[in-house]
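A.B. asks: One-letter residues, chain by chain:
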Amino acid sequence: MHAQPQHMDTRVLHDAVKPDPETGATTPTIVQSTAFAYETAESLEAVFSGREPGYVYSRIANPTVTQFERRITALEAAQGALACASGMAAISATALALAGTGDEIIAGNSLFGGTHSLFSRTLSRYGIVTRFVQATDANAYRKAITDRTRLIFVESIGNPKLDVPDLAAIAGVAHEHGVVFAVDNTLATPVLLRPKTIGANLVIHSTSKFINGHGHAIGGIIVDCGTFDWSSPRYAHLHPLHKRIGNLAFLSYLRSQVVRDLGCCLSPFNAFLMMIGVDTLAIRMERHCANAGQVAQFLAGHPRVDRVRYPGRPDHPDQALAQRQFGGRYGAVLTLELADRTSCFRFINGLKRARNLANIGEVRTLVIHPASTFCREMSVEDRAAVGVSDNLVRLSIGIEHPDDIISDLEQSLAMI
Amino acid sequence: MKLTINGETKDLPDGLAIPALLEHQKVKMPDMVSVEVNGEILERKQFETTILKDGDRVEFLYFMGGGAGL
Chain U
1 MHAQPQHMDT RVLHDAVKPD PETGATTPTI VQSTAFAYET AESLEAVFSG
51 REPGYVYSRI ANPTVTQFER RITALEAAQG ALACASGMAA ISATALALAG
101 TGDEIIAGNS LFGGTHSLFS RTLSRYGIVT RFVQATDANA YRKAITDRTR
151 LIFVESIGNP KLDVPDLAAI AGVAHEHGVV FAVDNTLATP VLLRPKTIGA
201 NLVIHSTSKF INGHGHAIGG IIVDCGTFDW SSPRYAHLHP LHKRIGNLAF
251 LSYLRSQVVR DLGCCLSPFN AFLMMIGVDT LAIRMERHCA NAGQVAQFLA
301 GHPRVDRVRY PGRPDHPDQA LAQRQFGGRY GAVLTLELAD RTSCFRFING
351 LKRARNLANI GEVRTLVIHP ASTFCREMSV EDRAAVGVSD NLVRLSIGIE
401 HPDDIISDLE QSLAMI
Chain S
1001 MKLTINGETK DLPDGLAIPA LLEHQKVKMP DMVSVEVNGE ILERKQFETT
1051 ILKDGDRVEF LYFMGGGAGL
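Heads up: the sequence lines are chains U and S, in that order.
Its first residue numbered 1, the first sequence is counted upward by one per residue in the numbering used here.
Its first residue numbered 1001, the second sequence is counted upward by one per residue in the numbering used here.
Just chain U, with the same shape it has in the complex (with noise of 0.2 Å):
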């Protein structure tokens, strides 16, 4: 017998995971506090001057919430992480800790729309400069290194694009150059894949989609892998704390001053609802993925869909790249096209089980139309960067019975 668990399904039980050895309780202990007590002004200077370890205040550090990163650092085999309010939380402390005015960013051009916006709209006012290449051309990325790259960043799996980058070929040019490689690993979770493994050197969830699982809570979190050596000249910066600390300068920046100044710390009770959803993280995938594979081939099938896009169908461009990367599975959301806009409203409109909302990654099946809704802001240009046209309709994959979520379709589709 292996002494640690070989298979997520067992990690994410039991990975960090310990019952509470002051009162034995097995579920987290949500330490709802914002501050936290010293006996003496003596011990609590100690803490404040750096000589002791402790909690001080909740935006900075909660116990309910390193319990959390305690639980995703192991999972994802890392060194250390540090949770957010957000997974937009999570990728602005990211960037705002790496690069500064004048400095720029390499993005693939399927991102995400909020980060897209982040990105171009928000740190672009503060002199970050962010160049948008073809997500899945490892070359381009390479192309658009110069000397004030500070950062590179894709998401394993575009949404709603659903394009796969190839990760190791990236993770290349950014060690070639130096430059941090950040994989936004939301879609694909660490059961379908440890971007560690393939040369990551940040890892950022939106915690609110997959690991949480049943909406009802947002978050985010960041992981560094431990795989950067922050000494690089890139990031003078960091280079006092490197000589102090070595390679946790980074999560030390991050948490004593990027995320302390920001304030978007994750709250404990939010913590507290991620740890039960990572629990079942592991069996959940399994189930989103089969159905989506399930979903995907009948959709095709369908005579009113004219294109269907998942990752894990013989016609998706990244197909065989996405059986490598993430080991046959494929995640749990795809789109569909139909004949044009009023089409996909009638359908949205038509389902009687699949929820219309802003979200994936709940145990719920979810539907939305991407281009009226999170994609409204975007140019017609970067929505076709995206791959969202008028008549795309997004769905995120729940784990209901697959039959009964294919009913469902099958008899809105019938009424359009």
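Keep in mind that the hints are not guaranteed to be accurate.
Unchecked claim - Some chain S residues flagged as far from chain U (calculated, every beta-carbon gap over 10 Å):
1) Lys1002
2) Asp1011
3) Leu1012
4) Gly1015
5) Pro1019
6) Val1037
7) Glu1048
8) Thr1050
9) Lys1053
10) Arg1057
Said to hold, decoys possible - Chain S is faced by these chain U residues, among others (derived, beta-carbon under 7 Å):
11) Gly50
12) Arg51
13) Pro53
14) Lys243
15) Arg244
16) Ile245
17) Gly246
18) Ser252
What the hints assert, rightly or not - Derived DSS-like pairs (lysine-lysine); straight-line CA-CA distance at most 27 Å:
19) Lys1010/S <-> Lys1026/S
20) Lys1002/S <-> Lys1026/S
21) Lys1028/S <-> Lys18/U
22) Lys1028/S <-> Lys1045/S
23) Lys1026/S <-> Lys243/U
24) Lys1026/S <-> Lys18/U
25) Lys1028/S <-> Lys243/U
26) Lys243/U <-> Lys1045/S
27) Lys1053/S <-> Lys243/U
Derived from the structure by calculation, the hints contain no laboratory data.
The C-beta atom is built at its ideal place from N, Cα and C for all residues, glycine as well.
With chain U held as given, fit chain S onto it using these hints.
C.D. replies: Using the frame of chain U, we list chain S on its own:
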């Protein structure tokens, strides 16, 4: 030898390097601690090779901005 650790004078075995001192003093979260000897912050790579001597002043510091969690 006598060392002054975080302002307190302590008796310790001779010839300790930093990792042994961290263990001896049961320093919390040793991966996260920074060590200052006679006013100079040591780089992590100097820990193994820095042998303490009688009279050294040692400070342990945590750079977490007031909050554990790493």
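A.B. asks: All hints, please: hold or fail.
C.D. replies: Results for each hint:
Distance check on Lys1002/S: its Cβ is at least 20 Å (rounded) from any Cβ of chain U, clearing the 10 Å threshold; non-interface status holds. No Cβ of chain U approaches the Cβ of Asp1011/S within 10 Å, the least distance being about 20 Å, so the stated non-interface status holds. Once the 10 Å rule is applied to beta carbons, Leu1012/S is consistent with being away from chain U; the minimum gap is 18 Å. With a least CB separation of 24 Å from chain U, Gly1015/S remains clear of the 10 Å interface cut-off, as annotated.
For Pro1019/S, the shortest C-beta to C-beta distance to chain U comes to about 13 Å, beyond the 10 Å cut-off, and the non-interface label holds. With a cut of 10 Å on Cβ distances, Val1037/S stays outside the contact zone with chain U, its closest approach being about 13 Å. Every CB of chain U is more than 10 Å from the CB of Glu1048/S (nearest about 13 Å), matching its label as outside the interface. Annotated as non-interface, Thr1050/S keeps its C-beta farther than 10 Å from every C-beta of chain U; the closest such distance is 14 Å.
Once the 10 Å rule is applied to beta carbons, Lys1053/S is consistent with being away from chain U; the minimum gap is 22 Å. Distance to chain U confirms Arg1057/S as a non-interface residue, since its nearest Cβ pair spans about 13 Å, more than 10 Å. Interface restraint check: Gly50/U against chain S, minimum CB-CB distance 4 Å, threshold 7 Å, status holds. Satisfaction of the interface hint for Arg51/U is found here, the shortest Cβ-Cβ separation to chain S being roughly 6 Å, below the 7 Å cut-off.
The beta carbon of Pro53/U is positioned within 7 Å of a beta carbon in chain S (closest approach about 4 Å), and the interface hint is therefore held. About 5 Å separates the beta-carbon of Lys243/U from the nearest beta-carbon of chain S, less than 7 Å, and the hint is met. The interface hint given for Arg244/U holds, since its Cβ lies 4 Å from the closest Cβ of chain S, which is under the 7 Å cut-off. Satisfaction of the interface hint for Ile245/U is found here, the shortest Cβ-Cβ separation to chain S being roughly 6 Å, below the 7 Å cut-off.
Among the interface hints, the one on Gly246/U holds; its C-beta lies about 4 Å from the nearest C-beta in chain S, closer than the 7 Å criterion. Taking 7 Å as the C-beta cut-off, the interface hint given for Ser252/U holds, the closest approach to chain S being about 5 Å. At roughly 14 Å between alpha-carbon atoms, Lys1010/S and Lys1026/S fall within 27 Å of each other, so this suggested pair holds. For the proposed pair Lys1002/S and Lys1026/S, the alpha carbon gap of about 17 Å is at most 27 Å, so the pair holds.
Note on Lys1028/S and Lys18/U: the hinted pairing holds, with a Cα-Cα distance of about 20 Å set against a maximum of 27 Å. Straight-line distance between C-alpha atoms of Lys1028/S and Lys1045/S comes to about 19 Å, which keeps the hinted pair within the 27 Å bound. Between Lys1026/S and Lys243/U, the direct Cα distance comes to roughly 22 Å. Compliance with the 27 Å bound is thereby established for this hinted pair. Under the criterion of a C-alpha separation no larger than 27 Å, the hint pairing Lys1026/S with Lys18/U is consistent with the structure, at around 23 Å.
Restraint check for Lys1028/S and Lys243/U: the C-alpha separation of about 19 Å stays at or below 27 Å, so the hint holds. Proximity of Lys243/U to Lys1045/S is assessed by CA-CA distance (about 8 Å); at most 27 Å being required, the pair is judged to hold. For a cut-off of 27 Å, the pair hint linking Lys1053/S to Lys243/U stands: about 22 Å separates their Cα positions.
Violated hints for the displayed structure: none, as all numbered hints are satisfied.
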